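Trainee: Read off the chains here:
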Amino acid sequence: SAVISQKPSRDICQRGTSLTIQCQVDSQVTMMFWYRQQPGQSLTLIATANQGSEATYESGFVIDKFPISRPNLTFSTLTVSNMSPEDSSIYLCSALPGGGETQYFGPGTRLLVL
Amino acid sequence: GEDVEQSLFLSVREGDSSVINCTYTDSSSTYLYWYKQEPGAGLQLLTYIFSNMDMKQDQRLTVLLNKKDKHLSLRIADTQTGDSAIYFCAERSSSASKIIFGSGTRLSIRP
Chain H
1 SAVISQKPSR
11 DICQRGTSLT
21 IQCQVDSQVT
31 MMFWYRQQPG
41 QSLTLIATAN
51 QGSEATYESG
61 FVIDKFPISR
71 PNLTFSTLTV
81 SNMSPEDSSI
91 YLCSALPGGG
101 ETQYFGPGTR
111 LLVL
Chain A
1 GEDVEQSLFL
11 SVREGDSSVI
21 NCTYTDSSST
31 YLYWYKQEPG
41 AGLQLLTYIF
51 SNMDMKQDQR
61 LTVLLNKKDK
71 HLSLRIADTQ
81 TGDSAIYFCA
91 ERSSSASKII
101 FGSGTRLSIR
111 P
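First to last, the sequence lines map onto chains H and A.
Counting in the numbering used here, the first sequence runs from 1 upward without gaps.
Counting in the numbering used here, the second sequence runs from 1 upward without gaps.
In short, the hints are calculated from the structure, not lab data.
Quick caveat: nothing in here was measured; it's all calculated off a predicted structure.
It is possible that some hints are incorrect.
Said to hold, decoys possible - With a straight-line cut-off of 20 angstroms between C-alpha atoms, the simulated SDA-like cross-links for lysine to any residue are: (1) A:98 <-> H:73; (2) H:65 <-> H:104; (3) A:98 <-> H:7; (4) A:36 <-> H:114; (5) A:98 <-> H:114; (6) A:98 <-> H:8; (7) A:67 <-> A:106; (8) A:98 <-> H:74; (9) H:65 <-> H:114; (10) A:70 <-> A:95.
Unchecked claim - Simulated DEER-style distance windows between Cβ atoms: (11) A:58 <-> H:27: 41 to 47 angstroms; (12) H:69 <-> A:66: 38 to 44 angstroms; (13) A:44 <-> H:56: 38 to 44 angstroms; (14) H:112 <-> A:7: 39 to 45 angstroms; (15) A:16 <-> H:20: 19 to 25 angstroms; (16) H:18 <-> A:59: 27 to 33 angstroms; (17) H:98 <-> A:19: 30 to 36 angstroms; (18) A:41 <-> H:69: 22 to 28 angstroms; (19) A:97 <-> H:79: 34 to 40 angstroms; (20) H:56 <-> A:3: 43 to 49 angstroms; (21) A:8 <-> H:56: 29 to 35 angstroms; (22) A:95 <-> H:86: 29 to 35 angstroms.
Cβ coordinates follow ideal geometry from the N, Cα and C atoms, glycine included.
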């Protein structure tokens with residue numbers, strides 16, 4: 001299994017600013033992901049965070065808006081850039097340990113953009 | 001593309017069994033998951049089943065898989081107020097790392 005923590009747990013931000021969310025896993029994992037959950041919605045994959053290389057983004061998400069870092073096998077960051085109220089969501093980090101059967105999720109970061 | 005569908009709401013009486021249903025379209029699905037999300041919390045992995053299994057039981061939880069019909073269900077026996085949450089069905093093929101989520105079923109418990 002993998003225990004995942006995220007910082008901050010929640011934030012209220014002004015439009016036009018940027019927020020960086022940190023994700024820490026308690027063990028080395030093969031893959032890490034970032035998801036968005038808009039109010040009342042299901043989860044949408046933003047990107048796969050690749051260790052040592054550029055993230056792989058899903059359709060509709062771009063690096064300029066959601067830059068991602070993954071410097072090692074236990075840590076990743078997601079930045080939400082130039083925020084607007086439409087970015088108000090829960091952002092969840094996820095990890096897939098080696099072996100690849102189960103994917104675990106962090107507690108989420110609740111973002112409100114005013 | 002791949003799709004996972006669930007009904008949006010389910011209401012059951014405390015003590016009864018809850019059955020949450022899910023259908024999926026990807027015939028190459030290898031892993032099928034049930035996640036629970038309580039209000040204000042992240043996703044908790046409840047259980048999962050391999051596509052070569054028909055059933056998996058874990059205490060009050062029973063997962064049934066009908067691979068022919070691409071139908072997955074989660075039965076919660078003796079439903080309690082603490083079971084109130086949104087339950088997400090999800091699937092992943094062995095060749096992909098991406099999980100496809102359903103829309104979630106909001107389970108409410110009435111006394």
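Trainee: Each hint: holds or not?
Mentor: Hint check:
Between residue 98 (chain A) and residue 73 (chain H) the CA atoms are separated by roughly 18 angstroms; this keeps the pair inside 20 angstroms, and the hint holds. The suggested pairing of residue 65 (chain H) with residue 104 (chain H) is violated, with an alpha-carbon distance near 25 angstroms, which exceeds 20 angstroms. Between residue 98 (chain A) and residue 7 (chain H) the alpha-carbon distance is near 24 angstroms, which puts this suggested pair outside the 20 angstroms criterion. Using a Cα cut-off of 20 angstroms, the hinted pair residue 36 (chain A) and residue 114 (chain H) is violated, with the two alpha carbons roughly 29 angstroms apart.
At most 20 angstroms may separate the alpha-carbon atoms for a hinted pair to count; residue 98 (chain A) and residue 114 (chain H) exceed this at roughly 32 angstroms. Restraint check for residue 98 (chain A) and residue 8 (chain H): the C-alpha separation of about 25 angstroms exceeds 20 angstroms, so the hint is violated. For the hint linking residue 67 (chain A) to residue 106 (chain A), the alpha-carbon distance of about 24 angstroms lies beyond 20 angstroms, and the restraint is violated. Distance hint between residue 98 (chain A) and residue 74 (chain H) is fulfilled; the C-alpha atoms sit about 19 angstroms from each other, no more than 20 angstroms.
With a CA separation close to 17 angstroms, the supplied pair residue 65 (chain H) and residue 114 (chain H) stays within the 20 angstroms bound. With a CA separation close to 18 angstroms, the supplied pair residue 70 (chain A) and residue 95 (chain A) stays within the 20 angstroms bound. Taking the beta carbon of each, residue 58 (chain A) and residue 27 (chain H) are about 23 angstroms apart, not inside 41 to 47 angstroms as hinted. Look at residue 69 (chain H) against residue 66 (chain A): about 42 angstroms separates their beta carbons, and that is inside 38 to 44 angstroms.
Take residue 44 (chain A) and residue 56 (chain H): their Cβ atoms lie about 26 angstroms apart, and the range 38 to 44 angstroms is violated. The hinted range of 39 to 45 angstroms is not satisfied by residue 112 (chain H) and residue 7 (chain A), whose Cβ atoms lie roughly 29 angstroms apart. Under the hint 19 to 25 angstroms, the C-beta atoms of residue 16 (chain A) and residue 20 (chain H), about 46 angstroms apart, miss the expected range. One distance hint, 27 to 33 angstroms for the beta-carbon pair residue 18 (chain H) and residue 59 (chain A), is violated here, with the actual separation near 44 angstroms.
For the hinted restraint 30 to 36 angstroms between residue 98 (chain H) and residue 19 (chain A), the CB-CB distance of approximately 34 angstroms keeps it satisfied. Remark: the range hint 22 to 28 angstroms for residue 41 (chain A) to residue 69 (chain H) is upheld by a beta-carbon distance near 26 angstroms. Checked against the hint of 34 to 40 angstroms, the pair residue 97 (chain A) and residue 79 (chain H) fails, with Cβ atoms roughly 22 angstroms apart. Taken as a hint, the range 43 to 49 angstroms is violated for the pair residue 56 (chain H) and residue 3 (chain A), whose Cβ atoms sit roughly 21 angstroms apart.
Taken as a hint, the range 29 to 35 angstroms holds for the pair residue 8 (chain A) and residue 56 (chain H), whose Cβ atoms sit roughly 31 angstroms apart. Against the hinted window of 29 to 35 angstroms, the Cβ-Cβ separation of residue 95 (chain A) and residue 86 (chain H) comes to about 33 angstroms, which satisfies the hint.
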